[in-house]
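S.K.: If you want the building blocks of each chain, they are given just below.
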Amino acid sequence: MIPVIRHTFSRYISQIIIWGFALGALCAYGLLLYDSLVEPEAQQQYIQLISNYPPELMAFFGDMTQMFTPGGYLDTLFFSYIPIVIGFFSIFSCASLLAGDEEKGILDLVLAHPISRTHLFFGRILAFISSTILILCIAWIGIVITLPKTSIEATVWEIILPFLSLFSLLIFFGTLTLLLSLLLPSSQWAVMVSGVLLVTSYFMTSLAKLSDNLRPIEKFLPMHYYQGGQALTKMNWSWLGILIGFSFLFSILAWWLFERRDIRVSGESGWRMSTFFGRKRSVSQKAD
Amino acid sequence: MENTIAISTENLVKCYGRVEALHGVNLEVRTGEIFGFLGPNGAGKTTTIRCLLDLIRPNKGIVRVFGMEPKKFPHEIRARTGYLPGELHIEDNTTVESTLHYLNSLRGNKADWSYINQLAGKLNLELNIQIKNLSKGNKQKVGIIQALMHHPDLLLLDEPTFGLDPLIQREVLKLVAEARARGATVFFSSHILSEVQEISDRVGIIRNGRVVEVAETEKLINRTFHMVRIHFKYPVDAQKLDNIPGVSILTQQDNQNVTLQVEGEMDALIKALASYVVLDFETEHPSLEEIFLAYYQEDGKTI
Chain A
1 MIPVIRHTFS RYISQIIIWG FALGALCAYG LLLYDSLVEP EAQQQYIQLI
51 SNYPPELMAF FGDMTQMFTP GGYLDTLFFS YIPIVIGFFS IFSCASLLAG
101 DEEKGILDLV LAHPISRTHL FFGRILAFIS STILILCIAW IGIVITLPKT
151 SIEATVWEII LPFLSLFSLL IFFGTLTLLL SLLLPSSQWA VMVSGVLLVT
201 SYFMTSLAKL SDNLRPIEKF LPMHYYQGGQ ALTKMNWSWL GILIGFSFLF
251 SILAWWLFER RDIRVSGESG WRMSTFFGRK RSVSQKAD
Chain B
1001 MENTIAISTE NLVKCYGRVE ALHGVNLEVR TGEIFGFLGP NGAGKTTTIR
1051 CLLDLIRPNK GIVRVFGMEP KKFPHEIRAR TGYLPGELHI EDNTTVESTL
1101 HYLNSLRGNK ADWSYINQLA GKLNLELNIQ IKNLSKGNKQ KVGIIQALMH
1151 HPDLLLLDEP TFGLDPLIQR EVLKLVAEAR ARGATVFFSS HILSEVQEIS
1201 DRVGIIRNGR VVEVAETEKL INRTFHMVRI HFKYPVDAQK LDNIPGVSIL
1251 TQQDNQNVTL QVEGEMDALI KALASYVVLD FETEHPSLEE IFLAYYQEDG
1301 KTI
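In order, the protein sequence lines correspond to chains A and B.
Here the first sequence stands for residues 1 to 288, numbered as in our numbering.
Here the second sequence stands for residues 1001 to 1303, numbered as in our numbering.
Check each hint, because a few of them may be wrong.
One-sided and incomplete, this derived list gives chain A residues near chain B with beta-carbon spacing under 8 Å [stated by the list, open to error]: (1) K104; (2) L109; (3) T118; (4) P148; (5) S211; (6) V265.
Just so you know, the hints here were simulated from the structure itself, not pulled from any lab data.
Note that beta-carbon positions come from the ideal geometry of N, C-alpha and C, so glycine has one too.
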C-alpha cells in the first residue's frame, strides 16, 4: 500500500502547496486586522455598517453578532465561507481518485499489477486524507504565526478545533464524491451531484438562520454539522462525530462497491447508466 | 495441471448490461507456448484478457490462470503476469523512468534495472523523457517494457505492436520470442495475421464472442488464400485456370484480365501460368475479415 500512498500523494503536492499557502496567507492577513476591528470606535462603525446590510446577505458570514469575539471573527473572516471554496478540492480530488483514473484507462494498467483493490482503495483514500490534513495544517500555521501579533486570546491548540470541524466536512464531501463516482456513470456526475449538495447545503444552512421553515430540513444537510469558528469556544464533538461517521460509512460502501465492480476501460464511462435506461450499445464499442 | 496448462477458460460468458460480449469462450493455452488470439475489433479479445486478470468478472464460466481462479487469487496471478493493455494510458505528468519506478514498486521492486535499460535500448526509448511528450508509439514501448521488466511467467499482450514502426515491431516480436525461450507463456491478441503467423505456436480465432477455431499456426496458414490479379498479353481461356487445385476465379473483366483466389501454395498456378505471356501479376494478402469469410464459406457455414 505504501507505493500507492506515496504515488497518489505526489500527485497532490502542487495542490497542497497552492491551497495550503493561499489559505494560510488569507488567515494571516485577516487576523492582522482583528485588533483594528475590536477598538470601540471601529466596533461602532462596523455595527452600523452591518445593520445596513440585509440579514439575508449577512447570514452567509456566520453569526455577525459574535464578530468581535475571536471565534466569531475567525468564522466571519474565514470559516463561514471557506468550505464552499476548498470543498471543491475534496470533490474534484475524490472524483478522480478512482473513477477519474478508470475513465482515463490508467487503472487498467495499475490493477494488472500485484496489488489488491483493497490496498489500492485505502492507499488512495489515505493519500487524499493526508493531503487534506496538510493543506489545513499550512492554513493553521498561517494563523499560529500571526496569533502572537494580535490580541486574540486563544491558544494554538484551540485554533485546531475549527480546522478539525472543517476537516470533517471536507472528508464528508470527499468520501461522498468517491462513493458517487463508483455508483454513477462517470466522475463528472459525481462532481455535479456533490457540488450541488455542497452549494445547496451551504445556502440552506445559512438561510435557515432566518427562516423557521428551513430549520427542519437543515438537520439533514451536512453543513448543519459544520461548526466553523464557533468550534473555538464550544466544540460540539457529536456533530464532528456525525460527519466523520458518515465519511467512514461512505468509505466502506465505496470500498465494497470497488471490490465488486468491473474496471472500465477508457471511454467506457456511462455504460451502466445506459444499461439502466435500457439503451443498447454495440458490442464493438467495448468488447474488443 | 499447472505444468501443462497456463490458461484455461470454460464456457466463459461476459455481459455488459444487455450485451453479451463473450458467449461461452473455451480456451486452453499451454505453458511455454506463444498463443495468438486473433479476431476483428469487437470480437472479445480484450474482454477475455481482462477476465484473466480479474479486471472484469465473468457472468458465467470458469477461468483459471496457472490453475488459479483470478477472482480468488488476483494477487498471485498478477505477480506472475506481465500485461500490456490494448489501449495503454499512463499518467502524463511524469517521466518514463518514474513511471517504471512506480510500476516496479507495485511489484515489490522485483525488476532488474539493467534489464529495463537493456529493453529501453533495444526499443530505442529514452527513460528521462516526460510521458506527455511521447508519441503513441513511444508510449507503447513503455507499456512493453513494463510488461517484460520483471521476467513474468505469463505475458498477456493486447495488440502489442499497435502504433509501432516496422523496425520496432520486429524488435518486439523478437522480445516476445525471447520471453518464450526463457520459458514464459505468451498470450497475445492481434488482428495482424502476419505477426501471428511469424511467432505463434498456436492460434485461436474469436468472432462475436465465440472461439471458432484453435489450431496450430501452420494449419491456419494453409487455410489462408491470396488474391491474384493477372494481366495477360493475349486472350486466355480463364476456365483452364479455374481447374487448377485451390484456384477459383473471383472476377473476370475480359479475356486478358482475371482475378483469382488461391488457397494454399501458389506453385501450381505459377507453373500453369508459364505457358502464357503474363504482362502483370499482382498478389494481395487478404484481410483477416476475408480469411474469416473464406474460412466459413469453406465449411458451408454462415458467419
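S.K.: Please go over all the hints and tell whether each is borne out by the structure.
M.R.: Evaluated hints:
no. : hint : result
1   : K104 : holds, 5 Å
2   : L109 : holds, 6 Å
3   : T118 : violated, 10 Å
4   : P148 : violated, 40 Å
5   : S211 : violated, 45 Å
6   : V265 : holds, 6 Å
In the structure shown, a violation is registered for the earlier hints numbered 3, 4 and 5, in ascending order.
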